[in-house]
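Colleague: If you want the building blocks of each chain, they are given just below.
Protein chains: 2
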Amino acid sequence: MRILLFFYLLLIGLFVGYVYNYQTTDSIEREWSENELTGNMDETYVMVTFQVGIDYWKRSLKGFEDAAEAMNVSVEYRGATQYDVDEEITVLEQVIAKNPAGIAVSTMDPRALNPVIENAVDAGIPVVMFDSDAPESEAYSFLGTDNYNAGVEAANKMAELLNEEGEVGVITQPHQLNHQERTQGFQDTIFVEYPNMKVVSIKDGRGEQMLSKAAAEDIMREYPDIAGIFATEANGGVGVGLATVANNRQDLIKIISFDTGKGTLDMIEDGVISATLAQGTWEMGYWSLQFLFHLQHDIVEQENDSMPLPRFVDTGVTIVTKENVDSYYPQ
Amino acid sequence: MRILLFFYLLLIGLFVGYVYNYQTTDSIEREWSENELTGNMDETYVMVTFQVGIDYWKRSLKGFEDAAEAMNVSVEYRGATQYDVDEEITVLEQVIAKNPAGIAVSTMDPRALNPVIENAVDAGIPVVMFDSDAPESEAYSFLGTDNYNAGVEAANKMAELLNEEGEVGVITQPHQLNHQERTQGFQDTIFVEYPNMKVVSIKDGRGEQMLSKAAAEDIMREYPDIAGIFATEANGGVGVGLATVANNRQDLIKIISFDTGKGTLDMIEDGVISATLAQGTWEMGYWSLQFLFHLQHDIVEQENDSMPLPRFVDTGVTIVTKENVDSYYPQ
Chain A
816 MRILLFFYLL LIGLFVGYVY NYQTTDSIER EWSENELTGN MDETYVMVTF
866 QVGIDYWKRS LKGFEDAAEA MNVSVEYRGA TQYDVDEEIT VLEQVIAKNP
916 AGIAVSTMDP RALNPVIENA VDAGIPVVMF DSDAPESEAY SFLGTDNYNA
966 GVEAANKMAE LLNEEGEVGV ITQPHQLNHQ ERTQGFQDTI FVEYPNMKVV
1016 SIKDGRGEQM LSKAAAEDIM REYPDIAGIF ATEANGGVGV GLATVANNRQ
1066 DLIKIISFDT GKGTLDMIED GVISATLAQG TWEMGYWSLQ FLFHLQHDIV
1116 EQENDSMPLP RFVDTGVTIV TKENVDSYYP Q
Chain B
816 MRILLFFYLL LIGLFVGYVY NYQTTDSIER EWSENELTGN MDETYVMVTF
866 QVGIDYWKRS LKGFEDAAEA MNVSVEYRGA TQYDVDEEIT VLEQVIAKNP
916 AGIAVSTMDP RALNPVIENA VDAGIPVVMF DSDAPESEAY SFLGTDNYNA
966 GVEAANKMAE LLNEEGEVGV ITQPHQLNHQ ERTQGFQDTI FVEYPNMKVV
1016 SIKDGRGEQM LSKAAAEDIM REYPDIAGIF ATEANGGVGV GLATVANNRQ
1066 DLIKIISFDT GKGTLDMIED GVISATLAQG TWEMGYWSLQ FLFHLQHDIV
1116 EQENDSMPLP RFVDTGVTIV TKENVDSYYP Q
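Read top to bottom, the protein sequences are chains A and B. According to the numbering used here, the first sequence is numbered sequentially starting from 816. According to the numbering used here, the second sequence is numbered sequentially starting from 816.
Honestly, I wouldn't trust all of these hints.
Stated by the list, open to error - With a straight-line cut-off of 20 Å between C-alpha atoms, the simulated EDC-like cross-links for lysine to aspartate or glutamate are:
1. K1013/A x D1003/A
2. K873/A x E1138/B
3. K972/A x E891/B
4. K873/B x E1118/A
5. K972/A x E953/A
6. K1077/A x E1118/B
7. K877/A x E858/B
8. K972/A x E951/A
9. K1013/B x E975/B
10. K1077/B x E1118/B
11. K877/A x E975/B
12. K1077/B x E1118/A
13. K877/B x D1113/A
14. K877/B x E1084/A
15. K972/A x D1113/A
16. K913/B x E891/B
17. K1137/B x E1118/A
18. K877/A x E851/B
19. K913/A x E858/A
20. K913/B x E858/B
21. K1137/A x E1118/B
22. K1137/A x D1040/A
23. K877/B x D899/B
24. K873/B x E884/B
25. K972/A x E858/A
26. K877/B x E851/A
27. K972/A x E851/B
Said to hold, decoys possible - Beyond 12 Å from chain B on every Cβ pair, some chain A residues (computed):
28. R874
29. D881
30. D899
31. L958
32. D961
33. L976
34. E980
35. F1006
36. S1016
37. P1039
38. H1109
39. E1116
40. E1118
None of these hints come from the bench; they were simulated from the model. Beta carbons are placed, not taken as given, at the ideal position from N, Cα and C, and that holds for glycine.
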């Protein structure tokens, strides 16, 4: 009987303890359940690119995944295996057919995907563009590098490397808008900010190493005092590096390149390329997912019918030099 | 004895029930505690402006508050009561002294706050700029309107209103950068896109109704065929509206203005002003808090030392006309 009473009291004690505990937990839970930034794992957001296998997309995808983890939703990665716009359209159509919670698209063609993007938006699927835009599409936002500003940053870094003095050249792809903008930002900044510097030559490297090497050698021949070359894309930068090394001018000509491919990073390590501009690819992926989540959950201004998201996010560039190059190699 | 046994069994039953319940709750709680986008109410984020009382800030503050609610953190609103940069500096210093979780600042002077912003960042307090930037400050990001693009949108809307034909003018504040950019975007777009339109006059309205009215009347006198006027700020728009009404030209001259003050909205309702550009002020506040939260919680790219946030967010503009003007009156 006394043992029974003891158990009886013990149970009452435990019971009271649990009730107290439960209610505390409950109040925390209530607070959390008001949090709008938690989805569920059935919600799938898809990233669609082209040349899906290249390293360039890895950081964007990591940002996309990190945001998904933070918000408790799922992601998928799809895209054209080749640099083939028809293949990308097909993949995008397949993705839309599965009615995902949202799609982040990078396009190799600023117009070709517009009808498919419109289909997605008409079907109520949120779409944002990242890295390269389709400006006339129905996508809600674009998250990528402001290429003009990137050119400005390149010019400022070049001026620093050359003590604001000397002749400089550019190797670019003059028919592609993003490269035109990078070149323009570079040119304008040198012209306006650095009176003792001059852009003496702008040449087409066609995005190929060997053609860029040849173009750089042309510049070196035509302008023997050339002190710096800005390459607006990665193959060009490596090509210019090959040119300075082949002509034993690597200590005389400062090179600034673009992006953080292995060839570029190695040349920075070796001191052949002085600096490269790393794009905010992780940021593109992270904020793309955030934006898609906000559209899917309708967490947007409620009072009027203004557009629901910022129309453009400049994810910016970071300057990579020998000092910080290590952290840019894939981990 | 049987009663005691009954209670005993009842208690065991309740106990098991509660244990079960508690564990379920616990597992939900665990899932949520992995969610990085939940703060706690002790975390206070502060919005700092000038002329704190004006309506213009209300939507930004609402966005700031909405984001705080979504992420379970607290907000405060502070600022200079007047258009007085010294007062704003003092307020910002007071805010910093309380070591908040983050500060979103709009400045009336692109340079004056820089030392104070640096103090905040040095003290480990995240700072972002919104609405008007301090581009050379240590703030991590700027969220606001791309004013050049806003001018482009105004030009496209003007072209639509005028069937892409006729003489147009601009009333602006030529000494202020944001107004220069709005004017430039308008001018460039008319010039490049609409060969049958021409910007014939750009005048200084000094941000005042009566001076803008006089400037608009000068344009109407000098260019009797003037078909449209773009005012790059709200008082100018109302001033131009007063000018067309006073001269009985309100049916002949299309006016596009800026922002959504009551005077502007009333003139849209009356058909005197054809359209105005609403800035994404809610978006500025909402994403400012998001950015500050991400800095405070270190939810940024971990692999390298790139900048942690996008450097610029263009919150965009929405065109307000008679059709959607109702939703822009304060609720």
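Colleague: State for each hint whether it applies.
Modeller: Results of checking the hints against the structure:
1. At roughly 10 Å between alpha-carbon atoms, K1013/A and D1003/A fall within 20 Å of each other, so this suggested pair holds.
2. Straight-line distance between C-alpha atoms of K873/A and E1138/B comes to about 45 Å, which puts the hinted pair past the 20 Å bound.
3. Taking the CA atoms of K972/A and E891/B, the gap is near 39 Å; set against the 20 Å cutoff, the hint is violated.
4. Restraint check for K873/B and E1118/A: the C-alpha separation of about 12 Å stays at or below 20 Å, so the hint holds.
5. With a C-alpha separation of about 37 Å, the suggested pair K972/A and E953/A falls outside the 20 Å cut-off, and the hint is violated.
6. Only pairs whose Cα atoms come within 20 Å are accepted, and K1077/A paired with E1118/B is accepted, the gap being roughly 16 Å.
7. In summary, the hint linking K877/A to E858/B is not supported, as the alpha carbons are separated by about 28 Å, beyond the 20 Å threshold.
8. Pair hint K972/A plus E951/A does not hold up; C-alpha atoms about 33 Å apart against a cutoff of 20 Å.
9. In summary, the hint linking K1013/B to E975/B is supported, as the alpha carbons are separated by about 14 Å, within the 20 Å threshold.
10. For the hint pairing K1077/B with E1118/B, the CA-to-CA distance comes to about 49 Å; that exceeds 20 Å, so the pair is violated.
11. Under the criterion of a C-alpha separation no larger than 20 Å, the hint pairing K877/A with E975/B is inconsistent with the structure, at around 43 Å.
12. A C-alpha spacing of about 16 Å is found between K1077/B and E1118/A, which places the hinted pair at or below 20 Å, so the restraint holds.
13. In summary, the hint linking K877/B to D1113/A is supported, as the alpha carbons are separated by about 16 Å, within the 20 Å threshold.
14. Between K877/B and E1084/A the alpha-carbon distance is near 49 Å, which puts this suggested pair outside the 20 Å criterion.
15. Of the pairs offered as hints, the one joining K972/A and D1113/A is violated, with about 42 Å between alpha carbons and a cut-off of 20 Å exceeded.
16. Between K913/B and E891/B the CA atoms are separated by roughly 12 Å; this keeps the pair inside 20 Å, and the hint holds.
17. For a cut-off of 20 Å, the pair hint linking K1137/B to E1118/A stands: about 16 Å separates their Cα positions.
18. Restraint check for K877/A and E851/B: satisfied, since their Cα atoms lie roughly 16 Å apart, inside the 20 Å limit.
19. Between the alpha carbons of K913/A and E858/A the distance comes to roughly 12 Å, so the proposed pair stays at or under 20 Å and holds.
20. Pair hint K913/B plus E858/B holds up; C-alpha atoms about 12 Å apart against a cutoff of 20 Å.
21. With a C-alpha separation of about 16 Å, the suggested pair K1137/A and E1118/B falls inside the 20 Å cut-off, and the hint holds.
22. A C-alpha spacing of about 25 Å is found between K1137/A and D1040/A, which places the hinted pair above 20 Å, so the restraint is violated.
23. Between the alpha carbons of K877/B and D899/B the distance comes to roughly 24 Å, so the proposed pair goes past 20 Å and is violated.
24. Among the hinted pairs, K873/B with E884/B is consistent with the structure: their alpha-carbon atoms are about 16 Å apart, no more than 20 Å.
25. This hinted pair does not check out: K972/A and E858/A have alpha carbons roughly 43 Å apart, beyond 20 Å.
26. Proposed proximity of K877/B and E851/A is supported: the alpha carbons are some 16 Å apart, at most 20 Å.
27. Only pairs whose Cα atoms come within 20 Å are accepted, and K972/A paired with E851/B is rejected, the gap being roughly 36 Å.
28. Against chain B, the non-interface label of R874/A is violated: not every CB pair exceeds 12 Å, the least being about 8 Å.
29. Non-interface call for D881/A relative to chain B: violated, since the shortest CB-CB distance, roughly 8 Å, does not exceed 12 Å.
30. Against chain B, the non-interface label of D899/A holds: every CB pair exceeds 12 Å, the least being about 30 Å.
31. Some Cβ of chain B comes within 12 Å of the Cβ of L958/A; the nearest lies about 7 Å off, and the non-interface call is violated.
32. With a cut of 12 Å on Cβ distances, D961/A falls inside the contact zone with chain B, its closest approach being about 7 Å.
33. For L976/A, the non-interface assignment is confirmed: its Cβ lies about 20 Å from the closest Cβ of chain B, beyond the 12 Å cut-off.
34. Interface exclusion of E980/A from chain B stands, the closest Cβ pair being 24 Å apart, more than 12 Å.
35. Its beta-carbon lying about 18 Å from the closest one in chain B, F1006/A satisfies the requirement of being farther than 12 Å from that chain.
36. With a minimum CB-CB distance of about 28 Å to chain B, S1016/A clears the 12 Å threshold, and the non-interface call stands.
37. A cut-off of 12 Å between C-beta atoms confirms that P1039/A is not in contact with chain B; the least separation is 37 Å.
38. The non-interface label for H1109/A is inconsistent with chain B: the shortest C-beta to C-beta separation is roughly 9 Å, within 12 Å.
39. Listed as a non-interface residue, E1116/A fails to keep its Cβ farther than 12 Å from every Cβ of chain B; the least gap is roughly 4 Å.
40. At the 12 Å boundary, the C-beta of E1118/A falls inside the reach of chain B, the nearest C-beta of that chain being 6 Å off.
In summary, the structure is inconsistent with hints 2, 3, 5, 7, 8, 10, 11, 14, 15, 22, 23, 25, 27, 28, 29, 31, 32, 38, 39 and 40 from the numbered list given earlier, while agreeing with the others.
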